[in-house]
Amino acid sequence: MRAMRKPFARKFLVSGAIALAALATGTVAIAAGGTEPPPANKWHFQGPFGTFDRAAAQRGYQVYQEVCAACHSLRLVAYRNLMDLGLTENQVKGLIKDITVPDLNDDGAPIDRPARPSDRFKSPFPNLAAAAAANNGKAPPDLSVMIKARANGADYMHALLTGYVPYDKLTPEQIKEFDVKKDDNFNKYFPGHKIAMAAPLSDDKVTYADGTKATLSQQASDVTEFLAWAAEPHMEDRKRTGVRVILFLLALAGLMYAVKRVVWADKH
Amino acid sequence: MASSHGTPPVFNNKVIAWVDHRLPIFSYIEKEYHTFPTPRNFNYFWNFGAIATVMLVLMIATGIVLATNYTPHVLMAFDAVERIDRDVPQGWLIRDLHMNGASFFFIAVYIHIFRGMYYGSYKAPRELLWMLGVVIFLLMMATAFMGYVLPWGQMSFWGATVITNLFSAIPVVGESIVTWLWGGFAVDNPTLNRFFALHYLLPFVIVAVVALHVVALHVHGSNNPTGIDVKGPQDTVPFHPYYTMKDGFGVMVFLIIFAAFVFFAPDYLGHPDNYIPADPLVTPAHIVPEWYFLPFYAILRAIPDKLGGVLAMFGAIAVLFILPWLDTSRVRSCTFRPIYKWFMMLLVVDVIVLGICGSKPAEGFWVPLSQLATLYYFAHFLVLLPILGKIERPLPLPPSIADSVLKKKAV
Numbered sequence: 001m002r003a004m005r006k007p008f009a010r011k012f013l014v015s016g017a018i019a020l021a022a023l024a025t026g027t028v029a030i031a032a033g034g035t036e037p038p039p040a041n042k043w044h045f046q047g048p049f050g051t052f053d054r055a056a057a058q059r060g061y062q063v064y065q066e067v068c069a070a071c072h073s074l075r076l077v078a079y080r081n082l083m084d085l086g087l088t089e090n091q092v093k094g095l096i097k098d099i100t101v102p103d104l105n106d107d108g109a110p111i112d113r114p115a116r117p118s119d120r121f122k123s124p125f126p127n128l129a130a131a132a133a134a135n136n137g138k139a140p141p142d143l144s145v146m147i148k149a150r151a152n153g154a155d156y157m158h159a160l161l162t163g164y165v166p167y168d169k170l171t172p173e174q175i176k177e178f179d180v181k182k183d184d185n186f187n188k189y190f191p192g193h194k195i196a197m198a199a200p201l202s203d204d205k206v207t208y209a210d211g212t213k214a215t216l217s218q219q220a221s222d223v224t225e226f227l228a229w230a231a232e233p234h235m236e237d238r239k240r241t242g243v244r245v246i247l248f249l250l251a252l253a254g255l256m257y258a259v260k261r262v263v264w265a266d267k268h
Numbered sequence: 001m002a003s004s005h006g007t008p009p010v011f012n013n014k015v016i017a018w019v020d021h022r023l024p025i026f027s028y029i030e031k032e033y034h035t036f037p038t039p040r041n042f043n044y045f046w047n048f049g050a051i052a053t054v055m056l057v058l059m060i061a062t063g064i065v066l067a068t069n070y071t072p073h074v075l076m077a078f079d080a081v082e083r084i085d086r087d088v089p090q091g092w093l094i095r096d097l098h099m100n101g102a103s104f105f106f107i108a109v110y111i112h113i114f115r116g117m118y119y120g121s122y123k124a125p126r127e128l129l130w131m132l133g134v135v136i137f138l139l140m141m142a143t144a145f146m147g148y149v150l151p152w153g154q155m156s157f158w159g160a161t162v163i164t165n166l167f168s169a170i171p172v173v174g175e176s177i178v179t180w181l182w183g184g185f186a187v188d189n190p191t192l193n194r195f196f197a198l199h200y201l202l203p204f205v206i207v208a209v210v211a212l213h214v215v216a217l218h219v220h221g222s223n224n225p226t227g228i229d230v231k232g233p234q235d236t237v238p239f240h241p242y243y244t245m246k247d248g249f250g251v252m253v254f255l256i257i258f259a260a261f262v263f264f265a266p267d268y269l270g271h272p273d274n275y276i277p278a279d280p281l282v283t284p285a286h287i288v289p290e291w292y293f294l295p296f297y298a299i300l301r302a303i304p305d306k307l308g309g310v311l312a313m314f315g316a317i318a319v320l321f322i323l324p325w326l327d328t329s330r331v332r333s334c335t336f337r338p339i340y341k342w343f344m345m346l347l348v349v350d351v352i353v354l355g356i357c358g359s360k361p362a363e364g365f366w367v368p369l370s371q372l373a374t375l376y377y378f379a380h381f382l383v384l385l386p387i388l389g390k391i392e393r394p395l396p397l398p399p400s401i402a403d404s405v406l407k408k409k410a411v
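Protein sequence lines, in the order shown, are assigned to chains A and B.
In this text, residue positions in the first sequence follow this note's numbering: the first is 1, and each later residue adds one.
In this text, residue positions in the second sequence follow this note's numbering: the first is 1, and each later residue adds one.
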């Protein structure tokens with residue numbers, strides 16, 4: 001699967017002269033950071049036939065809910081969407097039974113009511129100002145489309161979550177070049193290296209119900225799988241439709257070519 | 001099948017005959033799209049007019065559906081687009097078709113423009129046809145730019161800020177014009193709202209200019225790969241079924257490549273930063289326009305002076321308007337212009353180099369390279385073209401289109 005990264009894109013682009021300019025755009029974002037590019041991983045969802053690994057995404061939901069959700073919202077995703085990951089409606093209701101969301105009652109008074117599957121994921125802070133105030137003046141970004149909002153988003157996410165280097169492991173040159181203080185968080189893959197977020201994951205930060213060993217890398221992969229799904233829940237539908245559309249167009253193109261040959265037979 | 005070139009059609013269907021006698025739309029279709037005499041020697045470059053038309057219709061159709069689900073407000077636009085993607089039935093498909101459709105519309109039009117330049121389709125008597133095409137190109141650029149602002153991501157916002165700020169380079173009234181464009185003192189809700197209105201309006205203006213483009217085309221008929229005029233019926237075939245079928249095939253091949261992007265790499269031609277909601281307080285590390293603007297963006301930045309850069313960028317398109325009078329050669333097609341042919345290819349390379357320069361930060365080695373490429377771009381039109389026409393010795397032209405087709409077959 002590794003060889004299939006962006007296969008369509010590359011193949012067609014290189015062939016067309018105009019598309020060369022487009023190719024250059026693609027490389028811009030990678031160059032912009034000035035940091036080490038994230039290592040390429042194998043993802044279940046990559047390639048033209050790739051699908052989401054349901055078990056990994058469900059584990060990733062657990063990581064998000066138990067760790068990331070303390071600071072990061074996922075405001076574009078609804079609880080009902082979790083049914084796309086193979087959960088039943090009752091399982092979704094079970095997951096959210098302890099969550100309350102702000103609303104107004106019939107008298108217009110603000111209340112907290114139990115969350116419903118149709119609600120969007122509850123944000124950890126009531127608003128952006130509160131989120132910023134609780135986090136040294138900068139609100140932690142929403143994660144709904146994070147995987148699409150970074151170049152090579154999935155690889156970048158995994159690299160970022162596993163790319164922390166403790167202060168005592170840094171070389172004196174690194175400390176000098178990036179002006180790292182003892183309390184700073186140094187990340188190999190973050191542009192500029194100094195990141196406000198402390199390393200969120202470590203081995204066995206969560207305990208998986210399915211017995212999967214919760215190594216740092218495993219948790220990072222799982223939450224990346226979950227966030228890749230959150231960023232584009234219809235991805236499998238898109239690829240399935242694409243296969244049908246392209247097969248149909250190929251057949252129609254073949255037919256058109258045959259008709260064209262017959263029509264032109266007396267003119268060549 | 002159509003055999004008559006001049007006689008008016010006779011309709012057997014009484015209703016059609018009744019309507020046609022009062023409003024001759026059927027005669028018009030018959031004359032312009034059926035029996036219309038078309039040079040018999042087109043190559044596949046001649047597909048791109050039809051392909052561009054298909055893309056225009058696709059953009060309008062998907063655009064209307066998107067507009068019914070979109071909200072032009074700075075607080076809601078980003079989420080409205082995500083809602084289309086997530087919750088509107090097949091909304092993701094409509095959106096992916098529309099955002100990739102813009103790129104593929106430009107790909108088709110750029111190839112169409114190259115075809116016109118390589119085979120000299122802009123020369124007498126087709127100067128107005130060519131100039132209407134440049135008007136369409138300009139309208140497309142305006143429409144695409146405003147469309148890219150609508151999702152209200154970081155590149156939307158900062159792209160709008162950079163491009164609208166260009167007008168501040170105009171002496172004296174520049175700042176007032178920018179304020180007027182924005183509808184305020186920064187890119188904000190009034191800007192987004194009017195861009196949405198104009199993004200909906202301009203495509204229909206494009207349709208109108210395309211109609212004029214087609215009317216102008218049908219006066220003298222199409223140019224052809226030899227660039228020589230049609231001399232008689234032996235040089236032509238009826239438009240239908242010969243070119244309807246050939247265009248149909250070309251459209252299918254184009255749509256296959258288009259579909260590969262729509263379904264398997266929908267975000268490849270976009271920029272990841274546009275999935276970050278617009279934030280006026282955070283400037284992206286590197287602001288770039290959509291890929292199809294990059295050559296012009298490079299020309300803009302190549303000139304160290306702001307007003308100069310803006311003039312050069314608009315000049316790069318203005319020079320296309322006067323192209324028919326810059327080219328002094330009496331031969332249309334590059335096939336018979338042994339020197340200009342290579343300069344034409346060099347221009348293509350130059351525009352690609354400009355595109356790559358436009359995608360890079362304006363620093364180091366990229367600055368002199370984009371200046372060199374900009375200089376060559378203008379030199380091509382303003383120096384090489386007028387001179388080459390005088391000094392180049394063209395190859396002998398074939399006596400007729402039919403002759404060139406039959407000769408090719410014999411080889």
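No lab work stands behind these hints: they were computed from the structure.
Hints are not guaranteed to be accurate.
Label pairs and their computed distance ranges (CB to CB) [to be verified]: (1) A/L128 with B/Q90: 53 to 61 Å; (2) B/P171 with A/D112: 58 to 66 Å; (3) B/G183 with A/G86: 43 to 51 Å; (4) A/L128 with B/E363: 27 to 35 Å; (5) B/L406 with A/A251: 33 to 41 Å; (6) A/D106 with B/R83: 26 to 34 Å.
Each residue gets a CB set at the ideal place from its N, CA and C atoms; glycine is no exception.
Here's how the hints hold up against the structure:
Checked against the hint of 53 to 61 Å, the C-beta distance between A/L128 and B/Q90 comes to roughly 32 Å, which is inconsistent with it. About 60 Å separates the C-beta atoms of B/P171 and A/D112, a value consistent with the hinted range of 58 to 66 Å. A hinted range of 43 to 51 Å for the beta carbons of B/G183 and A/G86 is consistent with their spacing of about 49 Å. Under the hint 27 to 35 Å, the C-beta atoms of A/L128 and B/E363, about 34 Å apart, fit the expected range.
A hinted range of 33 to 41 Å holds for the C-beta pair B/L406 and A/A251, which are about 34 Å apart. Distance hint for A/D106 and B/R83: a CB-CB separation of about 27 Å, consistent with the stated range 26 to 34 Å.
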